[in-house]
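Given these sequences and hints, build the entire structure.
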Amino acid sequence: MSLSRIDLDILIQINNNAISINSLAKKYKLTDRSMRYCIDNINYYLNKRSISSVYIKNSKIYLNLDNNILINFIKELNTNEYTFSPSERKKLILFYFLFKNNVRISKLEKYFNVSRTTIKNDIKNLKSYLNNFELYFYISDNRLKLGGKEKKLRHLKFLNIIEHVDIINEEIEFINKIYPNEKSEQKILKEYLKSIDIKKINFIIHSFENKFKYKFSNRFRKVITIYIIVTLERIRNNNIINRKNNADFLIKLPEYKKFKNILSNIIDKNYKYEILHLMEYFLSDYYKESFYENKVISEKFLIKVLETMNISINKELIDKLMKYLIPAIYRIKNNFIIFDSLDYNAINLDVFCRTKYAIEENLSYLNEPLREEEIYHISKIIENHITKKISLKELLLIIDKHKNKNQLIQILKNRFDKFINDDIFESKNYNILKLLKKNNIFIFNKPITLEKILNRFLYNGLDNKSIIEFNNIVTNFGKYFFIYKKIFLLSTGYINNNKDKSNLYLVISKSPIIIDDEEANILFFMHVNNRTEHLEYISEIMKLADIKDFVENIKVKNTSKDIISYIKNAINN
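If you're matching positions, the sequence shown starts at 1 in the UniProt record's numbering and goes up one per residue.
There may be inaccurate statements among the hints.
To be verified - In the BS3-like style, the derived pairs of lysine-lysine whose C-alpha atoms are separated by at most 25 Å in a straight line are:
(1) 187 / 91
(2) 272 / 199
(3) 380 / 323
(4) 91 / 124
(5) 107 / 145
(6) 194 / 91
(7) 90 / 107
(8) 568 / 555
(9) 561 / 486
(10) 149 / 90
Said to hold, decoys possible - Distance ranges between label pairs, derived from CB positions:
(11) 411 / 171: 45 to 51 Å
(12) 142 / 320: 55 to 61 Å
(13) 372 / 260: 31 to 37 Å
Since the hints were made in silico from the structure, they are not lab data. The beta-carbon is built from N, C-alpha and C at its ideal position, and this holds for glycine as well.
Next up, the structure:
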């Protein structure tokens, strides 16, 4: 009788570690008699290879082998000496359909030495698993094939390859496996990967690093290499991705042409959406400020998290968190995982728990739920910020560089705010009424377009360049600037000239204004002087937006004076 996975697991457990027959029988739901038959069968194969046998003494099972001898025994088993369990058989059948062409049920019958009915039942049981990936079996040319959403199919291939493959010194290396089912899976993968030109893929990765002056981690290098392998195989077999939901956004990024030129070395330039998919994966590990889509979402979310944790809004901290969170959102969106063990002994659990609570309280501000991995790393960044000491060298350099006293004070407060008790000046007041003047409030009783609203700004003294900037950002990324239902907040880039004054414009429309299929009755447009102001004023406006019935209450006001009075009362209360 062939060996099973249970037989091999028993061998590993008892080697140099005697275990009672009764406890093993109970664990594997076997009778004592069945256990003895199992041991006789194991000994048959051990004796066949002249290896010391398993023996029973005082109702305990013994095996005393060098561990390497036992591992080699398992690794050298032939498939005709092994009986695949139903779960192992289903996994291997999945491998056949994922990584082989023209799969025949008759071949599967012969390989597994089971009936056609058994194979059909295995395939039937696989269907519910494939439903999770929006995949299915279908018949074409009298062959059973795997189909469904192309992106999901690639992701499933990726998940199964990464279990077996590593990238070491820019070469494909198979992870050491010992069980027959795992070796059978690797045999299929070796055939699948044999035509891959790994040098071309390495060239693409190096080209990206050189062009953008950025070094990928080994973990990301492994992930992107495997995903490129799957992409090239699917393209080679004429399975092309022909749509991308955020294609317009990605194409308008300044990085697009560079990516297109690099990726055209392995992908036809006409396959625009294939290039965009790979570009987005690369960008998931590379942070760029031009990513308005996730930049705005992340910024709103992080401000709320820090407020919940009662941590002051700090430019440096926000920037560090943004640098981690933006690519993390792209990874989550695309089921893209960089495998990483989480060492909870290396983190302050109080900070972790507070961070987790704050994140869960404010998930409504984020389009994607965060995984444990993201919460862990955000906690780590916050912990480092809270406990970080001042660098004396950095402090002296700042003092030496800034001779103007007031400027030096502001720099030190921005850089080391959590260490400084401001007993010289009162803390700066970021009350939005300092920016929001009567002439900057516009009330529209009749329907109006966004274009006409921006033209009104021009008459109020905002320069044409700024209006064009407002318009371009809203046109391309408008839906990401909704901070609350029916409330829209857009803050443009920071003014370079410190003599320029920050401005806040408030638009109130009785009829909804349509922005990217979303409706807004209240629009804030802000032009600020620096990064600190940007964060602080956004925080204040978000607090206003959180007030119950804010939209309904402000919509009924008919004059700028009434609106300012209402906002003043709302802030004070």
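Cross-check of the supplied hints:
Between residue 187 and residue 91 the alpha-carbon distance is near 14 Å, which keeps this suggested pair within the 25 Å criterion. Only pairs whose Cα atoms come within 25 Å are accepted, and residue 272 paired with residue 199 is accepted, the gap being roughly 23 Å. A threshold of 25 Å between alpha carbons decides the hint, and for residue 380 with residue 323 the separation of about 13 Å falls inside it, so the pair holds. A threshold of 25 Å between alpha carbons decides the hint, and for residue 91 with residue 124 the separation of about 13 Å falls inside it, so the pair holds.
For the hint linking residue 107 to residue 145, the alpha-carbon distance of about 14 Å falls within 25 Å, and the restraint holds. With a C-alpha separation of about 21 Å, the suggested pair residue 194 and residue 91 falls inside the 25 Å cut-off, and the hint holds. As the CA atoms of residue 90 and residue 107 are separated by approximately 14 Å, the hinted pair is consistent with the 25 Å bound. For the suggested pair residue 568 and residue 555, the alpha carbons sit about 16 Å apart, so the restraint of at most 25 Å is met.
At roughly 22 Å between alpha-carbon atoms, residue 561 and residue 486 fall within 25 Å of each other, so this suggested pair holds. For a cut-off of 25 Å, the pair hint linking residue 149 to residue 90 stands: about 21 Å separates their Cα positions. Judged by the Cβ atoms, the range 45 to 51 Å given for residue 411 and residue 171 holds: they are separated by roughly 49 Å. Between residue 142 and residue 320 the beta carbon distance is about 58 Å. The supplied range of 55 to 61 Å therefore holds.
Look at residue 372 against residue 260: about 36 Å separates their beta carbons, and that is inside 31 to 37 Å.
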